[in-house]
Amino acid sequence: MISLTTVLSQSFAPADLPAAVRAALGKPLRRAAPLTQLALVGALACLPVERRALPTTLLWQSTSGPRLETLTLLEEVCNGSAEPMPYDFLATQPAIAAAQIQTFLPGLQTAMHLPLDSEGVANWSLLLNLAIVWLKEGRCAQVLCAQLDHAADVASGHWLALSRGTLENSPACLQLADGTTSDALPDTPDFPARLAEWLAGHDGSTLSLHSPAAMKLTVEFTRL
Amino acid sequence: MTRPVFINKTALLCARGNSPATVASALWNGECGAGQRKLGERAFPYFGLPLNEVDWLLRAEQAIRQVTGQLGPLPPEAPLFIASSSFQIGHFEQLGAPFDLPVANAAFSRKISEWLGLSGARTSFSNACTSGFSALDAARSLIAAGLIDDAIVLGVELANDSTLAGFAAMELLSRTAGRPFDARRDGLVLGEAVAAVRLSAKPATWRVAGLRTGLDGYSTTGPNPDGCRIADVTVDCLNDAKLKSADIELIKLQAAGSPGTDLAEANALRSVFGQNMPPLLSLKPGLGHTLGASGLAELAALLACLDADKIPATAGFSKVDPEIALFPMVERSTEHIERALLNLIGFGGGLASLIVERHG
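From first to last, the protein sequence lines stand for chains B and H. The opening position of the first sequence corresponds to residue 2 in our numbering, with each subsequent residue numbered one higher. The opening position of the second sequence corresponds to residue 160 in our numbering, with each subsequent residue numbered one higher.
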């Protein structure tokens with residue numbers, strides 16, 4: 002059985018993000034772009050200390066990606082008087098986020114970053130399908146699925162943590178399903194917040210997520 | 160449900176040619192010349208596409224249409240998996256300030272779908288140099304699980320100054336040539352490529368026998384020199400393929416001529432293969448390092464070489480580095496290969512190993 006172990010949504014004023022990192026780590030994370038900082042505070046909030054060394058996969062998507070950092074780099078490359086600073090280039094490389102947080106999540110074995118191509122539409126369905134398949138295969142013990150975005154006025158992270166087997170206090174289990182078998186939520190960036198609302202309420206024992214963007218891959222959540 | 164996944168068709172456009180077969184032939188003939196790309200006062204060797212169009216977007220469309228045309232007619236509903244490390248940044252460089260970047264950072268993928276007339280699901284991957292194998296991994300997993308039957312996996316890496324400037328600023332580039340595993344190696348040479356792979360549950364000559372990705376957080380720009388994380392991924396991949404190291408008959412290296420990464424890869428290979436090292440081949444001296452497209456471009460080129468039983472020599476290697484103490488093939492070979500391992504070691508900590516095996 003695949004269990005949902007954590008549902009988490011975070012939102013920060015960009016200026017508060019470094020403080021959130023310090024609160025999580027007890028020290029600042031130097032030379033870390035906002036997406037890396039979001040990844041760190043979210044992942045540590047999802048996984049208690051005793052689960053951080055378990056074989057873990059991170060699958061994360063983003064609408065914004067490193068948009069602000071890319072604008073800075075473009076300005077330097079196209080209008081600057083010298084070559085860009087190395088850090089300004091590194092900050093445009095989202096894949097680096099996983100490498101930078103591995104120190105604090107020693108079980109993090111691999112990560113995949115999926116940039117999104119349309120506003121307001123996410124691909125949780127694909128992330129969860131891959132997570133379920135890989136957990137069933139035994140590739141890893143847990144999968145963190147995330148949507149991380151940052152803009153000038155807000156930095157947000159939405160997270161679902163999945164685990165093989167049942168953990169105490171798991172609110173739901175999930176499985177792949179054919180078509181829509183129950184109430185369905187749209188595949189939007191804030192899906193975890195909607196899922197949390199459903200879990201907090203008492204409407205129905207199952208809930209589906211299916212996405213027009215994700216090959217009719219339907220995921221069904223069942224309350225535990 | 161788990162079922163085998165096959166590589167039904169490959170397609171490629173890169174500095175060496177406009178199809179996998181022409182690229183394989185050029186590599187066999189030892190072609191490895193690069194052009195040049197200027198960055199301010201400095202010039203770097205660069206493997207550009209053989210296209211004359213100067214408008215970035217029109218050139219991208221030409222390149223992508225040319226490559227997908229090699230795949231034959233595509234069903235409109237075919238799921239599309241797109242891998243790139245830079246997407247359309249070159250387009251915005253060309254447009255200039257105020258750099259009107261789209262809100263969704265992979266909006267270029269929508270454009271690609273439109274060009275190809277594809278209306279099915281579309282997913283983008285950006286994991287620096289391992290993007291191509293990440294996309295392949297996702298598509299293969301869904302096909303193997305019976306969730307989809309086919310997928311088009313497309314790798315796109317097109318010229319831009321931002322990437323060149325970033326790599327140059329970090330002193331990762333050679334000013335002369337890529338020299339994999341060579342004692343005189345001094346950095347990598349970048350290039351462009353568009354490559355595509357059609358994956359399917361339908362049997363074909365080559366099967367994806369194993370595929371695993373990994374992560375090495377030792378540094379944002381290079382792996383742990385001891386190669387331990389790279390070795391772990393290779394072993395995971397062998398296990399996925401249910402093969403032993405002795406079953407591997409050829410290794411397509413990551414080796415691009417980077418001082419640190421080449422050493423880490425060599426240490427990893429020594430720990431996995433010991434004294435029974437298979438022949439080693441690097442394609443990057445002929446194609447350049449095509450970053451997010453490199454996995455798919457090198458896969459397409461390698462399979463064309465293996466289909467012809469013509470394995471090229473590795474250009475750029477002549478002097479053994481005593482610390483590496485491994486040497487890629489310097490003579491061409493007509494050996495018939497049944498199983499090959501392909502390694503990717505990415506900027507930003509990404510790692511990937513793929514094993515392809517002949518079927519039937």
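Any given hint could turn out to be false.
To be verified - Mimicking BS3-like on lysine-lysine, the simulated pairs with C-alpha atoms at most 25 Å apart in a straight line are: (1) K403(H) x K137(B); (2) K137(B) x K361(H); (3) K478(H) x K168(H); (4) K217(B) x K137(B); (5) K168(H) x K270(H); (6) K217(B) x K361(H); (7) K168(H) x K361(H); (8) K137(B) x K401(H); (9) K401(H) x K361(H); (10) K270(H) x K217(B).
Claimed, not checked - Pairwise CB distance ranges (calculated): (11) A405(H) x P15(B): 51 to 61 Å; (12) P418(H) x P15(B): 58 to 68 Å; (13) G228(H) x G27(B): 29 to 39 Å; (14) A185(B) x K401(H): 18 to 28 Å; (15) Y88(B) x G194(H): 28 to 38 Å; (16) D468(H) x D184(B): 56 to 66 Å; (17) G81(B) x G305(H): 44 to 54 Å; (18) G81(B) x V213(H): 18 to 28 Å; (19) K197(H) x A201(B): 56 to 66 Å; (20) G228(H) x A16(B): 45 to 55 Å; (21) D468(H) x L168(B): 48 to 58 Å; (22) R31(B) x E408(H): 37 to 47 Å; (23) Q195(H) x A16(B): 41 to 51 Å; (24) R32(B) x A202(H): 47 to 57 Å.
Hints in this document: simulated from the structure, not taken from any laboratory. Given the structure is predicted, the values throughout are model-derived calculations rather than measurements. Every residue gets a Cβ at the ideal spot worked out from N, C-alpha and C, and that includes glycine.
To see whether the hints hold, each was checked on the structure:
no.: 1; hint: K403(H) x K137(B); result: holds, 23 Å
no.: 2; hint: K137(B) x K361(H); result: holds, 24 Å
no.: 3; hint: K478(H) x K168(H); result: violated, 37 Å
no.: 4; hint: K217(B) x K137(B); result: holds, 20 Å
no.: 5; hint: K168(H) x K270(H); result: holds, 23 Å
no.: 6; hint: K217(B) x K361(H); result: holds, 21 Å
no.: 7; hint: K168(H) x K361(H); result: holds, 11 Å
no.: 8; hint: K137(B) x K401(H); result: holds, 17 Å
no.: 9; hint: K401(H) x K361(H); result: holds, 21 Å
no.: 10; hint: K270(H) x K217(B); result: holds, 22 Å
no.: 11; hint: A405(H) x P15(B): 51 to 61 Å; result: holds, 53 Å
no.: 12; hint: P418(H) x P15(B): 58 to 68 Å; result: violated, 37 Å
no.: 13; hint: G228(H) x G27(B): 29 to 39 Å; result: violated, 56 Å
no.: 14; hint: A185(B) x K401(H): 18 to 28 Å; result: violated, 38 Å
no.: 15; hint: Y88(B) x G194(H): 28 to 38 Å; result: holds, 29 Å
no.: 16; hint: D468(H) x D184(B): 56 to 66 Å; result: holds, 57 Å
no.: 17; hint: G81(B) x G305(H): 44 to 54 Å; result: holds, 51 Å
no.: 18; hint: G81(B) x V213(H): 18 to 28 Å; result: holds, 23 Å
no.: 19; hint: K197(H) x A201(B): 56 to 66 Å; result: holds, 59 Å
no.: 20; hint: G228(H) x A16(B): 45 to 55 Å; result: holds, 50 Å
no.: 21; hint: D468(H) x L168(B): 48 to 58 Å; result: holds, 53 Å
no.: 22; hint: R31(B) x E408(H): 37 to 47 Å; result: holds, 45 Å
no.: 23; hint: Q195(H) x A16(B): 41 to 51 Å; result: holds, 44 Å
no.: 24; hint: R32(B) x A202(H): 47 to 57 Å; result: violated, 30 Å
The structure fails to meet hints 3, 12, 13, 14 and 24 from the earlier list, while all remaining hints are met.
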